[in-house]
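Enquirer: In case you want the letters, here they are:
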Amino acid sequence: MSVIILLLGASLIVALFFLFAFIWSVKDGQYEDDFSPAHRMLFDDKTDNE
Amino acid sequence: MVYELLNEHGLCNYYTLNARPGTAQRVPVRQHKFAFLEEEPIRRRLIQYEDDQQVHVTFYIPNIHCSSCLWLLENLHKVDAGVQQVNVNFSKKEARVIFIPGQTTLRKVVETLASIGYEPYISLQDLQKKKPPVNRRIFYQLGVAGFCFANIMLLSFPEYFSGEHHMDGTMSLVFRYLNLALSLPVFFFSAQPFYASAWKGLKHGFLNIDVPIVLAILVTFVRSVTDVLTGAGAGYFDSMTGIVLFMLTGRVLQDKTYKGLAFDRDYTAYFPIAVTVVKDQQEIPVQLPDVKTGDTLLIHHQELVPADGILVKGKALIDYSFVTGESAPVAKQMGEIIYAGGRQLEGNMEILTIKEVAQSYLTSLWNRDEMQNKEQKASFIHLLGRNFTWIVLFIAAVTTIYWGIYDTSKIWPAVTSILIVACPCALLLAASFTNGHTLRILSRHRLYLRNAQAIESLAGTTHIVFDKTGTLTGKARSAATWHGRALTVDEQLAIGAVGSQSQHPASRAVAAVCGKPANTEVLRFTEDTGQGLQGWAGQLHIQLGSAAYTGAKEGEGSQVHVNVNGDYAGYFLLSHTYREGIDDMLHALPYSLTLLSGDHDGDAPLLRNMMGAGADLRFRQQPHQKLDHIISLQEQGKQVLMIGDGLNDAGALKQSNTGISLTENSNNFTPASDGIMEAAQLRRLPAFIRLCKASKRVILISFAVSVLYNITGLFFAVQGKLSPLTAAILMPASSISIVLLTWALSEWAGNRLLGDDSHPRA
Chain A
1 MSVIILLLGA SLIVALFFLF AFIWSVKDGQ YEDDFSPAHR MLFDDKTDNE
Chain B
1001 MVYELLNEHG LCNYYTLNAR PGTAQRVPVR QHKFAFLEEE PIRRRLIQYE DDQQVHVTFY
1061 IPNIHCSSCL WLLENLHKVD AGVQQVNVNF SKKEARVIFI PGQTTLRKVV ETLASIGYEP
1121 YISLQDLQKK KPPVNRRIFY QLGVAGFCFA NIMLLSFPEY FSGEHHMDGT MSLVFRYLNL
1181 ALSLPVFFFS AQPFYASAWK GLKHGFLNID VPIVLAILVT FVRSVTDVLT GAGAGYFDSM
1241 TGIVLFMLTG RVLQDKTYKG LAFDRDYTAY FPIAVTVVKD QQEIPVQLPD VKTGDTLLIH
1301 HQELVPADGI LVKGKALIDY SFVTGESAPV AKQMGEIIYA GGRQLEGNME ILTIKEVAQS
1361 YLTSLWNRDE MQNKEQKASF IHLLGRNFTW IVLFIAAVTT IYWGIYDTSK IWPAVTSILI
1421 VACPCALLLA ASFTNGHTLR ILSRHRLYLR NAQAIESLAG TTHIVFDKTG TLTGKARSAA
1481 TWHGRALTVD EQLAIGAVGS QSQHPASRAV AAVCGKPANT EVLRFTEDTG QGLQGWAGQL
1541 HIQLGSAAYT GAKEGEGSQV HVNVNGDYAG YFLLSHTYRE GIDDMLHALP YSLTLLSGDH
1601 DGDAPLLRNM MGAGADLRFR QQPHQKLDHI ISLQEQGKQV LMIGDGLNDA GALKQSNTGI
1661 SLTENSNNFT PASDGIMEAA QLRRLPAFIR LCKASKRVIL ISFAVSVLYN ITGLFFAVQG
1721 KLSPLTAAIL MPASSISIVL LTWALSEWAG NRLLGDDSHP RA
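Which chain is which? The protein sequence lines are A and B, in order.
Per our numbering, residue 1 is the first one in the first sequence, and the count goes up by one each step.
Per our numbering, residue 1001 is the first one in the second sequence, and the count goes up by one each step.
Don't take every hint at face value.
[Stated by the list, open to error] Calculated lysine-lysine pairs in the BS3-like style (CA-CA distance at most 30 Å, straight line):
1) Lys1256(B) / Lys27(A)
2) Lys1092(B) / Lys1315(B)
3) Lys1355(B) / Lys27(A)
4) Lys1033(B) / Lys1203(B)
5) Lys27(A) / Lys1092(B)
6) Lys1693(B) / Lys1256(B)
7) Lys1721(B) / Lys1696(B)
8) Lys1315(B) / Lys1256(B)
9) Lys1696(B) / Lys1203(B)
Rather than coming from a laboratory, the hints here were simulated on the basis of the structure.
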């Protein structure tokens, strides 16, 4: 039975990882602007002086 | 032009990105327009972060409108090498610029932006307060609640499904204690908004709906903890975390904010941050609050007059459309008073201030005492919730007495489970989800309400007050009708060509009816401020202007007289056109109506006809009279809805129970109000109000449904037999069915009342 407890711990850790991923994405401002990032990635950089 | 500038810097694929890159033009920037940005106090206010290496500053740029704007702005470093990085937030129309202080200056950056057509909007408001940081706390709370709820639910399943054959003792203990641990973040962190709101209510002696909810959360938590610690059971952790999650979701939905729309602008958002003061022959940029009575201000072409003053130098043609909604400019002579809020249209002028900015006629409206005490009516949800709570408490008391007589050991489980199962969470859920849906349906139809409170106050409207110019009539659209001899096609086109050379609204209106030929060149064009204009189009010499300018007889109303080759041909009569569907809209409103117009009463018979015999029509109303009239209506016990647009309505909009300001395009600035409506949607007003009323019914229906669940739960609870499993079935079942029901009912009401020709917001 103790293997279930082990699995439980593992699954909780995975779930916690997703929780922190969510918190990070909110903190990062990913939900602030839903237009610019989607369009920004479509622009080509003709010159590479970045 | 812009193209040349872009070409120089290899930004040509700007034009390949979007077939219609929009209206951005290279705008000539007046040389010292942004000189004020070199003033240290102003500079310091605008800049967010500064060190030797870089300076961070965020600009609000109303012109951002397409993906090309995004691209162009984010490549600003190719135009100005001192710029390190630009980050555009499209939905807020903001650009965050990072530049290197040694290589460029704030002023240069702003000038570059302005020259490519993205002039940052810098107003007095920027000087006064820093924007509060975005509050993302509720999203963290929501995330934590979701995480804990999902895990607790999964960990509870073994207990529920094991039935009579009890599961392994240690295993069960591990699961229970894990649940207890997982419920702690929800109890102490996620549920905080409810504690805060309940505490605020209690402090003001008002029992709002969050009080019984907090009570229920508290009882559920204590009961569950004691159950687990004493080994009596698994507790109701899943029900508790689930309800917190659902209620938080509702709250997020209801408190949705519209990025890029501001509901609380006062005059500071309209006024420039600095103004040029002429002192000892020198022009000095001065922060607006530092302007003193007796200072001479230099107002440039297209600038806003920030304080009441007397015209001392130059010609004045003032556009008061900001203030009154009236687009026809007014010419002022030397020595006349010019009120704050007008925009100078013709060249530069100097005015001697007679009042400070904050004391000026227009701005003083905001400082009046009456404005502050707009009473906040308690939502019917709180009253309903309160009655509900009394009933629950009564049932709990009866149960206590009953079990006190028959079996005292059952008092604790029975009473706690009553409080667990019968919390008015469902009512709160019904309300917040319905409000959220209604706000979204309205926003699909371009009515953006400030908050859920506005839905209720709109539904409770008993009296509607309209402004005329800019509200019932289109703001810029004035129709010109020709009175005079018949014009040939060539003459008409020539008039159109000459008229279109000017920015004056009257000539624009004339050009609009005459049509503008694409290839007619206008030669020797001159414009005489406030008088008229003339020019040659082909073989025809056209003069347009006032009676004095053309030598015609003065007539009634706004007229544009026309001379063709020096001979008088006739005049155009300008009149405002009423918005489409206004007539039907006014007839469909089953409320008493008032018109408060700042204008003359020329249209009185027409308006009387449209608004009906019972309507109260008032003309030549000053802004403070509008405000006073709203107050007097409210003193008669009326729930006033005010619909207006200009700054002159701002006082009335703020004072009324619901103030809705109209906007012709969402970039425009609207005065502080409870809602912003796209002007073309005004004809839908009756449907909007009906939808708000329907949303109240949706809340009541959903609440009635949830009461059925409550009664089922109470049936078990009073017997002290509410098992965690029953609670775990009832809670999500009632929550989810309410969420679905509110969604279906509001969408149905929205479709029925507003039709489905809505365009989702981009």
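Enquirer: Taken at face value, is the distance from the CA of Lys1256(B) to the CA of Lys1315(B) at most 30 Å?
Expert: Violated, at roughly 48 Å.
Enquirer: Holds or violated: Lys1092(B) and Lys1315(B), Cα atoms, limit 30 Å.
Expert: violated (38 Å)
Enquirer: Holds or violated: are the alpha carbons of Lys27(A) and Lys1092(B) at most 30 Å from each other?
Expert: At roughly 17 Å apart (the allowed maximum being 30 Å), Lys1092(B) and Lys27(A) satisfy the hint.
Enquirer: When you check the alpha-carbon spacing of Lys1256(B) and Lys27(A), does it fall within 30 Å?
Expert: holds (18 Å)
Enquirer: Quickly compare the C-alpha distance for Lys1355(B) and Lys27(A) to 30 Å and report which way the hint goes.
Expert: violated (46 Å)
Enquirer: Please work out if Lys1721(B) and Lys1696(B) have their alpha carbons no farther apart than 30 Å.
Expert: violated (35 Å)
Enquirer: Are the Cα positions of Lys1033(B) and Lys1203(B) separated by 30 Å at most?
Expert: Cα-Cα ~51 Å, so violated.
Enquirer: Lys1696(B) and Lys1203(B): Cα distance at most 30 Å?
Expert: Judged against 30 Å, a Cα distance of about 28 Å means the pair holds.
Enquirer: Does Lys1256(B) lie within 30 Å of Lys1693(B) when you go C-alpha to C-alpha?
Expert: holds (20 Å)
Hints 2, 3, 4, 7 and 8, counting from the list given before, are not met by this structure.
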